[in-house]
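Fit chain X to the given chain G structure using the hints.
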Amino acid sequence: MSVAAISAGAIPLKPSPRERSQQRAIRRFRWSILGPLIALLAFVLMPVLFLQLYFSFHQWTVYLGSWWEAEYVGLDLFQEVLTDPRFGWAVVRSLLFATGSTIGCFLIGFALAYLMHKPFRGQAVYYIIFILPMLTVPVVIAYTAEMLLYQSGPLNDLISRISGYEFKPMWLTNPHIALPTIMLLEIWNWTPFSFIILLAGLSAIPKEPIEAAEILGASKWRVFWEVQLPLLRPVIFLALVLRFLEAMAEFPKTWALLQGGPGTATETLPVYIFLTTWQYFEISKGAVMSYIVMLLMIAIVLFAIRLLRREKRTLDALYGSAAAAPEAPA
Amino acid sequence: MITKSRRRRISASVRYVVLTTWAVVAFFPIYWMIATSFKPDTQWFAWPPVYFPHPPTLSNYLNVWFGAEQYAATQYAISSQKPLISLLNSTVIATASTLLAVLFGSVIAYGVSRYRILSETRMFQLLMLRMIPPIVIVAPLSLYYSALGLLDSMTGLILIYFLTTLPYAVWMTKSFIDEVPREIEQAAEILGATRWRTVFEIVLPLIRSGLVATFLFILILTWSEYLLALIVTKTQVTTLPIELSKYQGTTEGRVYGRQAALAVGITIPLMIVGLVIRRHLARGFSFGMVRR
Chain G
426 MSVAAISAGA IPLKPSPRER SQQRAIRRFR WSILGPLIAL LAFVLMPVLF
476 LQLYFSFHQW TVYLGSWWEA EYVGLDLFQE VLTDPRFGWA VVRSLLFATG
526 STIGCFLIGF ALAYLMHKPF RGQAVYYIIF ILPMLTVPVV IAYTAEMLLY
576 QSGPLNDLIS RISGYEFKPM WLTNPHIALP TIMLLEIWNW TPFSFIILLA
626 GLSAIPKEPI EAAEILGASK WRVFWEVQLP LLRPVIFLAL VLRFLEAMAE
676 FPKTWALLQG GPGTATETLP VYIFLTTWQY FEISKGAVMS YIVMLLMIAI
726 VLFAIRLLRR EKRTLDALYG SAAAAPEAPA
Chain X
30 MITKSRRRRI SASVRYVVLT TWAVVAFFPI YWMIATSFKP DTQWFAWPPV
80 YFPHPPTLSN YLNVWFGAEQ YAATQYAISS QKPLISLLNS TVIATASTLL
130 AVLFGSVIAY GVSRYRILSE TRMFQLLMLR MIPPIVIVAP LSLYYSALGL
180 LDSMTGLILI YFLTTLPYAV WMTKSFIDEV PREIEQAAEI LGATRWRTVF
230 EIVLPLIRSG LVATFLFILI LTWSEYLLAL IVTKTQVTTL PIELSKYQGT
280 TEGRVYGRQA ALAVGITIPL MIVGLVIRRH LARGFSFGMV RR
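These protein sequences, in sequence, are chains G and X.
Take the first sequence: its letters are residues 426 to 755, numbered as in the working numbering.
Take the second sequence: its letters are residues 30 to 321, numbered as in the working numbering.
Stretch-level coverage of chain G by chain X, calculated; a stretch enters the list once three of its residues show a Cβ under 8 Å from a Cβ in chain X:
#, stretch
1, 453–464
2, 528–538
3, 574–582
4, 614–625
5, 667–677
6, 708–716
7, 720–728
Simulated crosslink set (EDC-like; lysine to aspartate or glutamate; CA at most 20 Å straight-line):
#, chain 1, residue 1, chain 2, residue 2
8, X, 275, G, 571
9, X, 33, G, 636
10, G, 543, G, 636
Rather than coming from a laboratory, the hints here were simulated on the basis of the structure.
We put the CB at the ideal spot given by N, CA and C, even for glycine.
Here chain G stands alone, though its shape is the one from the complex:
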């Protein structure tokens, strides 16, 4: 790209008619692809965002007739939401849930990937078993969790038998444990994600620097910290950032299993927005919360994208991708 741009700028040749017709053809091709994409976004996404903006400034509940007759209330709803302690707690819970489960997935996934990155007997079988939790439907996990976690259920029974102690936490009904419980479910569900990404990263690390360090007498520990880990950085970022974003959006398990309960113990942002909109029918308040969450998420995502862009360059260089030289064909 840069080479093409420089050469085109440095030597201002008059394009021949043939080149010009080719450029026209490329432009036509470009817009025949982008046109439908833009139309799609304009047709589906724009009206939705517009409606959301409208409801953020107009007080409407389903009990009031038509939505276009809703009363204009300015920033009142924003004030209501921002001073709602329940909303604040939902933000805190979501961040806790996402951070905790991201770290959990990462640590376990990393340990497994590190133990598996060199070939050994049975590797393929372990790999298959390890990715299974990711290949289940989230709602299924919620219901299976209920079958496993009730107080005199199989999980407590197994732990009691193995440890020899009476082990009877109320995983789902104790408000102090419920949030950690869904975090554990999230970790169980998505550790495979961190695992496969880190494993792919570990297997892609070139052998030479590791061997060189070993020849120079570095211990396994030092090789890990000073050679492997820095080379893994892009993959680590990827595993953390993508997982965190997905965890912020987690809804099906939390909702299907606990609906935010007991009390409000597992009321994360998606759950609280869902409750407000579909159970309390406060459409406008829900819209305002959505709006605030959307802005919050856009900020987080923009930051995440900055990180991802940087790491993607490193990765592309690592894989020697053809994408590294995407100039237009001559």
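Frame of chain G; chain X shown alone:
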């Protein structure tokens, strides 16, 4: 003094212990779901818990999936044929939206890979379609859909799944197209093929296996999607995850065996698909940024 071979043996056995422990943790819930689906109703939440169904029974499956009345004689009676209809809906919706996403996505990906029709910045902005949690748009979406008459229709779900999986399709297929040397296309263009013919007759066939992987990967996402389906579908069109959630909180109380039979039926196709493309999962989930 510990010899080197002895140390290696110890570290190998530590590895097997750790890996096997996690394998048990990872597999036990899946085992429990499968086991419960074969249990007669007295063993669903018996104390002490029943680890092996005895005798195993097919009644849960026959009742849930085929509405077999003779097995519904207990207090846990559920007799409808809805799951089969949901299965059909899920299949149609997931397949159609995924096909659309892969088809359109791969054409965009080709344009980006060869003609940079989207800048790197735009490509990353496209990811936002996926990264912003869907919960923030579901309420206005449902109002908009109801105005368009798309609520409770397959078209509505197909459309929104198409849109939300498009970033995966574009990024994943682009990572495959980037690996194709462009000399072949250039030859085709010199021979006078139009760009569209080049895309459909040369480039896409060359990345066939990549397209299949992308298709199956996105199928996993659409098959298990819950929130959008919960909002968009009402009574006419339900997908399997929604159907499953209807089996909870009904007056019959806990119907674990039935739920498990339904859950197994939803999960098995997903696992088969996932295991088929297991070597491509990292690429899929990382938007093609990580490859093996």
